[in-house]
Amino acid sequence: DIQMTQSPSFLSASVGDRVTINCKASQNINRYLNWYQQKLGEAPKLLIYNANSLQTGIPSRFSGSGSGTDFTLTISSLQPEDVATYFCLQHNSWPRTFGGGTKLELK
Amino acid sequence: QVQLQQSGAELAKPGSSVKISCKASGYTFTSYDISWIKQTTGQGLEYIGYINTGSGGTYYNEKFKGKATLTVDKSSSTAFMQLSSLTPEDTAVYYCARGLGARWFAYWGQGTLVTVSS
Chain R
1 DIQMTQSPSF LSASVGDRVT INCKASQNIN RYLNWYQQKL GEAPKLLIYN
51 ANSLQTGIPS RFSGSGSGTD FTLTISSLQP EDVATYFCLQ HNSWPRTFGG
101 GTKLELK
Chain P
1 QVQLQQSGAE LAKPGSSVKI SCKASGYTFT SYDISWIKQT TGQGLEYIGY
51 INTGSGGTYY NEKFKGKATL TVDKSSSTAF MQLSSLTPED TAVYYCARGL
101 GARWFAYWGQ GTLVTVSS
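Order-wise, the sequence lines are chains R and P. Number 85 in my numbering belongs to position 85 of the first sequence; there are no gaps in the numbering. Number 46 in my numbering belongs to position 46 of the second sequence; there are no gaps in the numbering.
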């Protein structure tokens, strides 16, 4: 199975900060990487698919980059409603595998 | 709009089985696979497998073979997951989800909490 390693596991930032979350695959997954946001008590929500494509309805402050094994989710200006846990998912190989998550809190 | 409505929380005893449902609406049920995902605090998110809602064909993550059984009822646009021989390690929130091309898991159910305890 492809292992997905996210960093950091925990992140504290202020409103307006630029925030980056990383995801590293144990082998090449091309650009088959999605990002999800999960707020407390809710199901995950798709933010980014295929590494850098913004899902419909997601604010443009969210962006994704990377290919191969290294990927980044960026929030250009953190908003209070962005407090959540963020996960990456590889859909290059079976079984699909998720990163361990990054918990984002406000400083 | 696409909706996936899951059945309610379950409390089950070790060694027993539970069957969770996921009722789809807002789209043609047989046009998209339904996947199932397990979420625990310790292990995070784990992919269980998917069912082709048209043919009934299935894929299981090796880890969940023998544990999960996926079925569908096309007449009610409902997917099911049965979990057998339950142990405390099966305590988790289970989600059904649907994709749209590369947009894997673009739509999620609200989750079903399964608690295994004697």
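Hints were generated in silico from the structure; no laboratory data involved. Treat the hints with caution; some may be incorrect.
Calculated pairs, BS3-like style, for lysine-lysine (alpha carbon to alpha carbon, straight line, at most 27 Å) [as the list claims (entries may be wrong)]:
1) R:Lys39 to P:Lys23
2) P:Lys65 to P:Lys13
3) R:Lys45 to P:Lys63
4) P:Lys23 to R:Lys45
5) R:Lys39 to R:Lys107
6) R:Lys24 to P:Lys63
7) P:Lys13 to P:Lys74
8) P:Lys23 to P:Lys63
9) P:Lys19 to R:Lys45
Chain P residues, not near chain R, derived (Cβ > 10 Å throughout) [said to hold, decoys possible]:
10) Gly15
11) Tyr27
12) Tyr32
13) Ser55
14) Asn61
15) Gly66
Just so you know, even glycine gets a beta-carbon here, dropped at the ideal spot from N, CA and C.
Structure-based check of all given hints:
Restraint check for Lys39 of chain R and Lys23 of chain P: satisfied, since their Cα atoms lie roughly 23 Å apart, inside the 27 Å limit. The straight-line distance between the Cα atoms of Lys65 of chain P and Lys13 of chain P is roughly 20 Å, inside the 27 Å bound, and the hint therefore holds. Using a Cα cut-off of 27 Å, the hinted pair Lys45 of chain R and Lys63 of chain P holds, with the two alpha carbons roughly 25 Å apart. At roughly 19 Å between alpha-carbon atoms, Lys23 of chain P and Lys45 of chain R fall within 27 Å of each other, so this suggested pair holds.
Restraint check for Lys39 of chain R and Lys107 of chain R: satisfied, since their Cα atoms lie roughly 17 Å apart, inside the 27 Å limit. For the suggested pair Lys24 of chain R and Lys63 of chain P, the alpha carbons sit about 22 Å apart, so the restraint of at most 27 Å is met. Taking the CA atoms of Lys13 of chain P and Lys74 of chain P, the gap is near 30 Å; set against the 27 Å cutoff, the hint is violated. For a cut-off of 27 Å, the pair hint linking Lys23 of chain P to Lys63 of chain P stands: about 25 Å separates their Cα positions.
Restraint check: the Cα-Cα separation between Lys19 of chain P and Lys45 of chain R comes to about 25 Å, which is no more than 27 Å; the hinted pair holds. No beta-carbon of chain R is positioned within 10 Å of the beta-carbon of Gly15 of chain P; the least distance is around 26 Å. At roughly 15 Å from the closest C-beta of chain R, the C-beta of Tyr27 of chain P stays outside 10 Å, upholding its exclusion from the interface. Consistency note on Tyr32 of chain P: stated as away from chain R, and its beta-carbon is indeed over 10 Å from all of that chain's, at 14 Å minimum.
In this structure Ser55 of chain P is separated from chain R by more than 10 Å, as the shortest Cβ-Cβ distance comes to about 18 Å. Distance check on Asn61 of chain P: its Cβ comes as close as 4 Å (rounded) to a Cβ of chain R, failing to clear the 10 Å threshold; non-interface status is violated. Against chain R, the non-interface label of Gly66 of chain P holds: every CB pair exceeds 10 Å, the least being about 15 Å.
In summary, the numbered hints that this structure violates are 7, 14.
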